[in-house]
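Colleague: These protein sequences, in sequence, are chains A and B. One point on numbering: in UniProt numbering, the residue at position 226 of the first sequence is 226, and numbering is uninterrupted. One point on numbering: in UniProt numbering, the residue at position 100 of the second sequence is 100, and numbering is uninterrupted.
Derived by calculation from the structure, the hints in this document are not laboratory data. Where a beta carbon is used, it is the ideal one built from N, C-alpha and C, also for glycine. Any given hint could turn out to be false.
Here are the simulated distance ranges between beta carbons [to be verified]:
hint : chain 1 : residue 1 : chain 2 : residue 2 : range
1    : A       : A286      : B       : T134      : 17 to 23 angstroms
2    : A       : V156      : B       : N84       : 52 to 58 angstroms
3    : A       : L155      : B       : A166      : 47 to 53 angstroms
4    : A       : L155      : B       : G184      : 56 to 62 angstroms
5    : B       : G164      : A       : I152      : 47 to 53 angstroms
6    : A       : I101      : B       : M131      : 16 to 22 angstroms
7    : B       : E23       : A       : R181      : 29 to 35 angstroms
8    : B       : P69       : A       : V67       : 37 to 43 angstroms
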Amino acid sequence: MQAFLDIFDIYLLEAVINGILLGGVLALLALGLNLIFGVIDVTWICYAELVMIGMYAMYFMVQYYGVSYFIAAPFTILLVALLGAALHYLVIAPLLTAPPINQLLATGGVLFVLQSFATVAFGIDFRNLGIRLPVLAFGDMNFSYARLLSFIAALVGMVAVYLFMTRTFTGTAIRAISQDRQIMALMGVDTKRIYIITSALGGALAGLAACLLVLQYDVHPFVGLSFGPITFLICVLGGLGNFIGGFIASFVFAEIISLGGLFSDLEWGYVLAFAFFIVMMFIRPAGLLARRR
Amino acid sequence: MLELRSVDAGYGSFQALFGVNLEVKAGEAVGVIGPNGAGKTTLMRVISGLIRPARGSIKMEGVDVLTTPAHRIVSLGIAHVPENRRLFPQLSVDDNLKMGAFMKEARHKYAERLEIVFELFPRLKERRYQMAGTMSGGEQQMCAIGRALMSDPKLLLLDEPSAGLAPVVVQQVFELVKRIRASGLTVLIVEQNVQQVLRVVDRAYLIEAGSIRASGSSAEMLASDTVKEAYLGV
């Protein structure tokens, strides 16, 4: 092992592994957004703001009321799932047949409402859980436990969604609905109910992401901007609505950010990622794995 | 079993059905024949709730179909195999069949129904993990009929099952319809393939320009001059 590490640049290896760990959480967010887009055919511009609300929920439960992290997490996931269902019921459902631009404007409006709500209710202070997880040393490389835990939890979350989608009747209906909406009634499927369930599932994924991100990042009303745009880029690069494409694109972006940060500052990692995105849009405008219809 | 009384239906300002009266008794196989655009598919859609009529009544075993939400009509025992099959092309055969058993009443019978469908269509069992969209037209039609049978229906609505299939396969499809009806299922079948369909049904209705023009037993229809001239080319 040591011989292998001597040959290999350990900083490079550390960056690569950190990229993979980062990719897990990004993939979770991309899955949630792709699910909503693939099934309901709308884009939740405010998706990262749901994560922000979830992070505040975690903060207040853990820091303010002294609830243990592992008890607060399921409540947060449930809360954001309900928020997702409410978003569909109150905002999307009345606009289902409206032109896409109106749907975008409406969810964009929700983004500002949620940001302003958080600013008024919680102030603009940066807050954190105050939980300091140890750092895992492996040879000369250091990995934060928070990242490792997030990566594993994100994978478990994605596997759970995969099993739900492939093993259950409701999950199969969720996969079927985008292929032929009109005949769903012939199968005895209530489309409205499937939309609500899908929205709750998308919310639950945002809630899980919130529980994981709150371990690594401070909460503030604009924290959604730190990963909202990158999630959209990932989904577009993977092909909107394409789950596998989104999964691969998450790790591509995470590696670019992580390796870019290794050779220069972290901010340059993001610049590189966005530059890569622009180039890719010229080469493959429909995404890495263009969605087959 | 199924009773339509003076049904008017259409799309927006276009009226496709005018005062249609139609009845299907339990255990019968009934055909609906007529030219393209006569309203045959609209008739099927009205029965399964995909579109709602402007006027008239539809009853299934005494239950008002029109006040039943569209997604609950399949629970009344009506399974509709739509025109052009309408499978979920990117789902496996297995998943397509699973969708047919989606409703609560059918879920607990899923394994049992799957066995029945696989017995009727051994080919589907061979192809169960294949994407439905990659199969041949005949296989897709089998899958569409199998999907409808998964709900354990009392009444099977077949909309142009022979459309777009090679002549040999058309033969097989009609053989299947015979077998399905021999199993005691009530069938309402819409077809342009008049000669073939009149061989498998007991009675038939002739529909033209949205109205029922004639009806009678298969033998009567085959002998009728209107049908002969217009559809049998005799």
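Colleague: None of the hints should be skipped; say for each whether it holds.
Modeller: Okay, the hints, checked on the actual structure:
| no. | hint | verdict |
| --- | --- | --- |
| 1 | A:A286 / B:T134: 17 to 23 angstroms | 22 angstroms, holds |
| 2 | A:V156 / B:N84: 52 to 58 angstroms | 41 angstroms, violated |
| 3 | A:L155 / B:A166: 47 to 53 angstroms | 48 angstroms, holds |
| 4 | A:L155 / B:G184: 56 to 62 angstroms | 50 angstroms, violated |
| 5 | B:G164 / A:I152: 47 to 53 angstroms | 50 angstroms, holds |
| 6 | A:I101 / B:M131: 16 to 22 angstroms | 34 angstroms, violated |
| 7 | B:E23 / A:R181: 29 to 35 angstroms | 32 angstroms, holds |
| 8 | B:P69 / A:V67: 37 to 43 angstroms | 42 angstroms, holds |
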